[in-house]
Amino acid sequence: MPAVQETVEQVRRIDVDQYKYGFVTDIESDKAPKGLSEDTVRFISAKKDEPEWMLAWRLDAYRHWLTMREPRWSRVDYPQIDYQDLYYYSAPKRKAGPKSLDEIDPEILKTYAKLGIPLREQEILAGVEREGTYSRVAVDAVFDSVSVATTFKEELKKAGVIFLPISEAIKQHPDLVRKYLGSVVPVTDNFFATLNSAVFSDGSFVYVPEGVRCPMELSTYFRINEKNTGQFERTLIIADKGSYVSYLEGCTAPMRDENQLHAAVVELVALDDAEIKYSTVQNWYPGDAEGRGGIYNFVTKRGDCRGRNSKISWTQVETGSAITWKYPSCILRGDNSRGEFYSIAISNGRQQVDSGTKMLHLGKNSSSRIISKGIAAGKSNNTYRGLVSAHRKATGARNFTNCDSLLIGDHCGAHTVPYIEAKNASTVFEHEATTSKISDAQLFYCRQRGLSAEEAVALIVNGFVKDVLQQLPMEFAVEAQKLISISLEGSVG
Amino acid sequence: MPMLEVENLHVEIEGRKILEGLSLAVNAGEIHAIMGPNGSGKSTLAYVLAGKQEYEVTQGRVLFEGEDMLAMEPDERAAKGLFLAFQYPLEIPGVTGMNFLRTAINAQRKKRGEPELAIPDFMKRLREVAKRLGIEPEMLRRAVNVGFSGGEKKRNEILQMALLEPKLCVLDETDSGLDIDALKIVADGVNRLRSPDRASIVITHYQRLLNYIVPDVVHVLSKGRIVKTGGKDLALELEARGYTEYQTEAA
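In the order they appear, the protein sequences are chains L and B.
The numbering of the first sequence is the numbering used here, which starts it at 1 and goes up by one.
The numbering of the second sequence is the numbering used here, which starts it at 1 and goes up by one.
For the record, the hints were derived by calculation from the structure and aren't laboratory data.
Note that this is a predicted model, so its numbers are computed, not measured.
A few of these clues could be false.
[As the list claims (entries may be wrong)] Which chain B residues stay away from chain L? Per the calculated CB distances, all over 10 Å, these:
1) 74
2) 150
3) 183
4) 184
5) 185
6) 193
7) 205
8) 240
9) 243
10) 245
[As the list claims (entries may be wrong)] Just the calculated beta-carbon pair ranges, DEER-fashion:
11) 413/L with 194/B: 50 to 60 Å
12) 54/B with 77/L: 49 to 59 Å
13) 209/L with 123/B: 38 to 48 Å
14) 68/B with 439/L: 26 to 36 Å
15) 196/B with 289/L: 27 to 37 Å
16) 186/L with 124/B: 57 to 67 Å
17) 232/B with 289/L: 37 to 47 Å
18) 177/B with 439/L: 18 to 28 Å
19) 77/L with 138/B: 45 to 55 Å
20) 127/B with 191/L: 37 to 47 Å
21) 58/B with 77/L: 26 to 36 Å
22) 58/B with 430/L: 48 to 58 Å
23) 435/L with 23/B: 40 to 50 Å
24) 150/B with 186/L: 52 to 62 Å
For every residue, glycine included, the Cβ atom is placed at its ideal position computed from N, Cα and C.
Please put together the full structure from these sequences, using the hints given.
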């Protein structure tokens with residue numbers, strides 16, 4: 001059975017009554033002392049056996065972070081986070097670096113099995129050809145901060161694609177990392193990104209050389225496992241001239257009582273004629289019915305269309321987290337560059353979502369497209385916040401934005417906060433927005449045809465988000481569709 | 001035992017009495033026409049049979065094949081074989097007719113403990129039914145009822161009905177606003193489903209549809225009650241004389 005098919009099967013088996021991923025794997029971990037100080041930063045850097053320049057970079061970030069204040073402009077409400085009450089590093093204990101799956105803690109593999117992550121490493125390393133139409137997926141699995149298994153390495157190597165945990169890339173490809181790390185999201189960018197720069201644990205690094213079309217979809221599954229551990233993933237993807245890469249990020253986390261802080265940074269760089277497609281399905285624990293527990297997700301994702309004719313496309317399906325603060329953006333620096341943002345954000349229970357994008361047009365004839373579908377159910381709040389701007393030199397810049405909100409029930413809220421700044425006369429920006437509600441009549445119509453209330457809501461919502469689902473790679477689309485149904489459980493009385 | 005038994009049904013919506021002691025028995029194999037002036041409760045009867053929430057049943061009972069239908073959820077009633085062709089079919093943006101129908105048919109099969117219909121089998125059945133009814137399958141690639149003309153919406157209802165093969169079809173003024181060609185398609189759809197183990201209730205304001213669907217029984221509904229029951233000639237009589245006498249009689 002193809003690995004991806006297996007994932008799909010696993011997803012189908014998801015028990016829809018509750019958040020199934022709420023289990024804890026009991027493995028010994030290697031923790032930094034609680035709290036944040038220069039010592040914590042040094043501890044992390046030492047644990048990773050990092051070169052001096054990396055430590056200096058982290059310390060710079062830490063010192064700057066001390067001068068910063070947590071942003072409060074978003075439409076989310078949460079108690080003050082005590083940054084001294086968190087662990088900033090936690091790694092599964094192991095002797096040397098794993099050479100194959102055999103060397104990996106069986107507990108970890110079991111966890112992945114529960115998640116349905118296709119780690120068919122032996123088969124893959126043996127070069128077994130996959131049947132059917134599913135494309136191949138390479139997985140760089142991140143288990144509580146440290147990448148424990150990387151598949152498809154050999155084949156990627158042949159193509160010249162570098163796909164490594166960033167901690168490895170720092171050692172093996174320091175020139176590339178130094179050149180690009182922080183070049184899209186500077187160390188001083190914002191409170192959470194700066195915090196990440198100081199204490200980031202691990203993440204993925206991808207470099208696609210000039211003219212190479214990456215032979216498979218690259219994929220990382222994140223998982224938060226250790227109690228009270230902030231997760232600070234750092235991802236850096238560089239598509240050199242004329243190259244193409246599609247990257248999939250999928251996330252699930254176990255159930256927790258305490259709120260967990262997550263502040264990732266993702267940087268994308270596309271040079272001349274290069275294209276990066278970045279897709280996310282985010283399914284973290286959203287908290288219980290009263291809003292207790294759940295992940296705080298403060299993410300900085302930004303792509304730089306640095307070269308001419310470059311293209312970056314973000315697609316996201318956000319169903320989890322108690323709080324989502326996330327604005328995957330594109331800097332359209334190159335002439336004729338293109339940015340895209342396709343988003344489905346679903347909130348239920350007491351979830352709070354403040355998400356959107358920024359399209360910053362700097363290059364001539366740069367274009368962008370934003371399709372955002374927000375769905376609010378339960379007592380949740382769902383805000384789209386977006387900025388589209390054209391620099392005075394960005395002649396011929398074009399943007400099309402479509403923001404639709406769907407409300408389910410009477411206790412949720414949908415908000416749209418678009419900012420549009422055009423600084424030259426040749427700019428063409430279009431903005432469309434709608435807000436609608438699933439009507440009782442619509443539900444009744446579906447139920448009269450035999451659908452249960454929840455099946456009816458899922459069908460209507462899937463219709464509503466169709467434009468975005470179509471942007472996802474096929475295997476993700478199936479998963480996403482299922483997740484949408486699961487996350488809307490209990491949204492109709 | 002009749003397939004459907006409505007006994008002394010009293011229904012209110014927002015405190016307003018709509019049905020006041022309606023009784024009706026429909027046997028398998030029969031087509032009943034329910035006629036009556038506007039506001040007599042015709043659509044309310046259709047909605048109550050299908051289980052629309054806003055309507056409150058204050059008295060009486062409804063048995064479907066001997067089972068208490070009022071205790072069932074709308075989707076359970078559908079799975080048992082009740083189909084309502086809506087007077088105003090609803091739009092479902094982004095969901096193709098094909099996907100909608102497949103979801104519906106499999107939801108019903110699941111509730112009945114039958115296996116799901118595989119895509120090729122479903123497609124085959126759909127093509128057959130569409131062809132029989134003279135409906136372009138192209139319509140099923142479009143989102144359900146979105147941008148459909150009045151006639152297309154009604155034809156779509158009949159297509160759904162033909163595919164779902166219900167035991168009891170309730171058509172709520174399906175003829176309203178239809179030209180003669182669309183009317184024939186609707187009538188054809190109903191007539192083709194006619195069989196000894198099925199029944200239909202055709203709710204209409206006009207006699208016109210009954211030229212094409214010949215009913216076994218005609219009821220006149222007025223002020224929430226059935227005030228007269230007869231054979232198919234009753235419809236012609238109504239057409240000629242209007243509803244006036246029934247309205248005053250009931251008042």
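Do the hints match the structure? See the list:
no., hint, result
1, 74, "violated (4 Å)"
2, 150, "holds (16 Å)"
3, 183, "holds (23 Å)"
4, 184, "holds (24 Å)"
5, 185, "holds (20 Å)"
6, 193, "holds (16 Å)"
7, 205, "holds (21 Å)"
8, 240, "holds (35 Å)"
9, 243, "holds (28 Å)"
10, 245, "holds (35 Å)"
11, 413/L with 194/B: 50 to 60 Å, "holds (51 Å)"
12, 54/B with 77/L: 49 to 59 Å, "violated (35 Å)"
13, 209/L with 123/B: 38 to 48 Å, "holds (45 Å)"
14, 68/B with 439/L: 26 to 36 Å, "holds (28 Å)"
15, 196/B with 289/L: 27 to 37 Å, "violated (51 Å)"
16, 186/L with 124/B: 57 to 67 Å, "holds (60 Å)"
17, 232/B with 289/L: 37 to 47 Å, "violated (57 Å)"
18, 177/B with 439/L: 18 to 28 Å, "holds (22 Å)"
19, 77/L with 138/B: 45 to 55 Å, "holds (49 Å)"
20, 127/B with 191/L: 37 to 47 Å, "violated (59 Å)"
21, 58/B with 77/L: 26 to 36 Å, "violated (45 Å)"
22, 58/B with 430/L: 48 to 58 Å, "holds (53 Å)"
23, 435/L with 23/B: 40 to 50 Å, "holds (45 Å)"
24, 150/B with 186/L: 52 to 62 Å, "holds (59 Å)"
In terms of the numbered hints stated before, the structure departs from hints 1, 12, 15, 17, 20 and 21, listed from lowest to highest.
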